[in-house]
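Protein chains in written order, with my numbering: chain C, 97 to 439; chain A, 97 to 439.
In case anyone wonders, no lab produced these hints; they're calculated from the structure. Don't take every hint at face value.
Since copy identity is lost for identical chains, a pair holds within one copy or between any two.
Claimed, not checked - Under the rule of at most 20 Å between Cα atoms (straight-line distance), these lysine to aspartate or glutamate pairs were calculated in the EDC-like manner:
id, residue 1, residue 2
1, K178, E285
2, K178, E312
3, K178, E113
4, K178, D259
5, K178, D189
6, K178, E152
7, K178, D137
8, K178, D420
9, K178, E116
10, K178, D360
11, K178, E252
12, K178, D413
13, K178, D333
14, K178, D271
2 protein chains.
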Amino acid sequence: MTRYIGTGEMADLLRREGAEPILRRLVAGLRSDFRRWPDFDLAPRLANHSAGGVIELMPIADARSYSFKFVNGHPGNTRLGKQTVVAFGVLADMATGYPLLVSEMTVLTALRTAATSALAASVLARPGSRSMALIGTGAQAEFQALAFKTVIGIDEIRLFDVDPAAVAKARANLDGCGLRLVCAGSVAEAVAGADIVTTATADKARATILTPDLVEPGQHLNAIGGDCPGKTELHADILRRTRTVVEYEPQTRIEGEIQQMPADYPVTELWRVLRGEASGRVAADDITLFDSVGFALEDFSALHCLRQIAGAGPDLDLIPDMSDPKDLFGSVFSRGAAFERAA
Amino acid sequence: MTRYIGTGEMADLLRREGAEPILRRLVAGLRSDFRRWPDFDLAPRLANHSAGGVIELMPIADARSYSFKFVNGHPGNTRLGKQTVVAFGVLADMATGYPLLVSEMTVLTALRTAATSALAASVLARPGSRSMALIGTGAQAEFQALAFKTVIGIDEIRLFDVDPAAVAKARANLDGCGLRLVCAGSVAEAVAGADIVTTATADKARATILTPDLVEPGQHLNAIGGDCPGKTELHADILRRTRTVVEYEPQTRIEGEIQQMPADYPVTELWRVLRGEASGRVAADDITLFDSVGFALEDFSALHCLRQIAGAGPDLDLIPDMSDPKDLFGSVFSRGAAFERAA
Chain C
97 MTRYIGTGEM
107 ADLLRREGAE
117 PILRRLVAGL
127 RSDFRRWPDF
137 DLAPRLANHS
147 AGGVIELMPI
157 ADARSYSFKF
167 VNGHPGNTRL
177 GKQTVVAFGV
187 LADMATGYPL
197 LVSEMTVLTA
207 LRTAATSALA
217 ASVLARPGSR
227 SMALIGTGAQ
237 AEFQALAFKT
247 VIGIDEIRLF
257 DVDPAAVAKA
267 RANLDGCGLR
277 LVCAGSVAEA
287 VAGADIVTTA
297 TADKARATIL
307 TPDLVEPGQH
317 LNAIGGDCPG
327 KTELHADILR
337 RTRTVVEYEP
347 QTRIEGEIQQ
357 MPADYPVTEL
367 WRVLRGEASG
377 RVAADDITLF
387 DSVGFALEDF
397 SALHCLRQIA
407 GAGPDLDLIP
417 DMSDPKDLFG
427 SVFSRGAAFE
437 RAA
Chain A
97 MTRYIGTGEM
107 ADLLRREGAE
117 PILRRLVAGL
127 RSDFRRWPDF
137 DLAPRLANHS
147 AGGVIELMPI
157 ADARSYSFKF
167 VNGHPGNTRL
177 GKQTVVAFGV
187 LADMATGYPL
197 LVSEMTVLTA
207 LRTAATSALA
217 ASVLARPGSR
227 SMALIGTGAQ
237 AEFQALAFKT
247 VIGIDEIRLF
257 DVDPAAVAKA
267 RANLDGCGLR
277 LVCAGSVAEA
287 VAGADIVTTA
297 TADKARATIL
307 TPDLVEPGQH
317 LNAIGGDCPG
327 KTELHADILR
337 RTRTVVEYEP
347 QTRIEGEIQQ
357 MPADYPVTEL
367 WRVLRGEASG
377 RVAADDITLF
387 DSVGFALEDF
397 SALHCLRQIA
407 GAGPDLDLIP
417 DMSDPKDLFG
427 SVFSRGAAFE
437 RAA
């Protein structure tokens, strides 16, 4: 049977385990999987576009496991009272090809994105970082705040969004979590003196959320909102000053902030920094950038982690129960009875 | 919510509706979808290989709907008492990107493969065809027999398989369906005088199930067993004599019988014959060949047909229920309660 985890069980599981413990487990799994990057069979994501949006499949496999995520992106959905992004994923066994787990991944993607951001910051941000500006307080915001608190030790979050209601929402959701929450009046106010700057805006265009004059030596930039062709958040002049780390270079060249830069713009893949094969931050006043677009390995890792945390539970009957593998027909129709209606 | 159809409901549904009525509906849907071929956004299938087999994703979309199938192929599974091929599929709405249906597709694939074979034969076999040789009586056999009975009017099936138990299984399953069943002692005996020859063997190598001396003028060959690189059923000299029709040329060049032929070997895509833009059979003594490997459009069509037949039923909670699309965190954690455990 194939284990099923829907949005209801996912919410129960998060409430039971707590967001921060799960984020810590996700970071541990991600670190371990990123460090064995060469074990993976990487495939490009497959996209089908329509006027209103895109549907993508993101597969990946190692010798033992296979996963894929189904994810859409439909900016107009909010006008219909629907979500822009909905995702679900599947984990399968490479030895048999059988599906092991079908899970919702809308919430899980937010968790794994935040965990990946914090993992990258653990090797890129200045040691002892305590304050983070959070520009864009939409669906990702609270997950980012909690991941940086629990993994990096951030104790102050400066919130800014062009939508005051979104700031109020994030502030209310984070109230009581142990973070000092500052509502900034501008991007500049949020960023000034922050150790880390996270941009998580949803602008569907070339936007300039962050300009070069705002960025300070030593800051770490965690840019997660520029994640598809034509969608960026940082002024190109910032990229000329940063040491830039990406997940999977061929994908980020198309989808990330660096789509603004020439093809020879230097980047380092995160797994190489995590393995100690490349340097992340070299000097205290380096400006580091994690140009994150989201990668299939993160979903693979998150699905494995979830499967372990969730344990036994509801199953789907996606695999026919057959005593004789050649007798698919007989597994459906008992002999003699198949044609009473059809004949 | 997303409608779910597992193997249990699929079997109930087939028993309730009858195999033949469902095959007829599938053929009607396939004909209509193949005839609007230019409406579809075709993508290559995405494969991840391991030592034991392959896992593939097969996506396709038109302006309104999207579908993909997950399907594995693990020849060693039978030794573990498991099936070689297991499949499930998803139908989604292109306007919102939301998943509409998750369904088992192991049985549905057998049905759509048989329906596609019969649809192709309806424009390729001689009018008035009555007898069919069925070489290879494994998991596909009964579905093929019933599709050709109900769509083409075949009344005699000559069964042959190197495994006598497989022949006995197919014969027992088809007993009472209204077909005259002949157990042939050899491929030659099965093929001699047959109007249609279906090859559905599972050899995982270049095999020569059918040799040129056996094939008679006017016969229609329905070759469904040669369906991946390195796996063929027909002697190359047969292909030099046939008018050959395929589903999607770029895929069949790699996976079909015609992988044995040079790149300029002439083929016609089925949709063009169904639209009347190309000819299938021209003369009564033409030898026609449908070199079938299975294509994403067939799954798309079958999932739509299934969704219509099945109506309302069990749902999966794959889409988070959120009043505020920016408040993913709040949809999981009620305010204030999120950190009792985590803090």
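Practice task
Any hints from earlier that this structure breaks? Give me their numbers in increasing order, please.
Solution key: 1, 2, 3, 7, 9, 10, 11, 13 and 14
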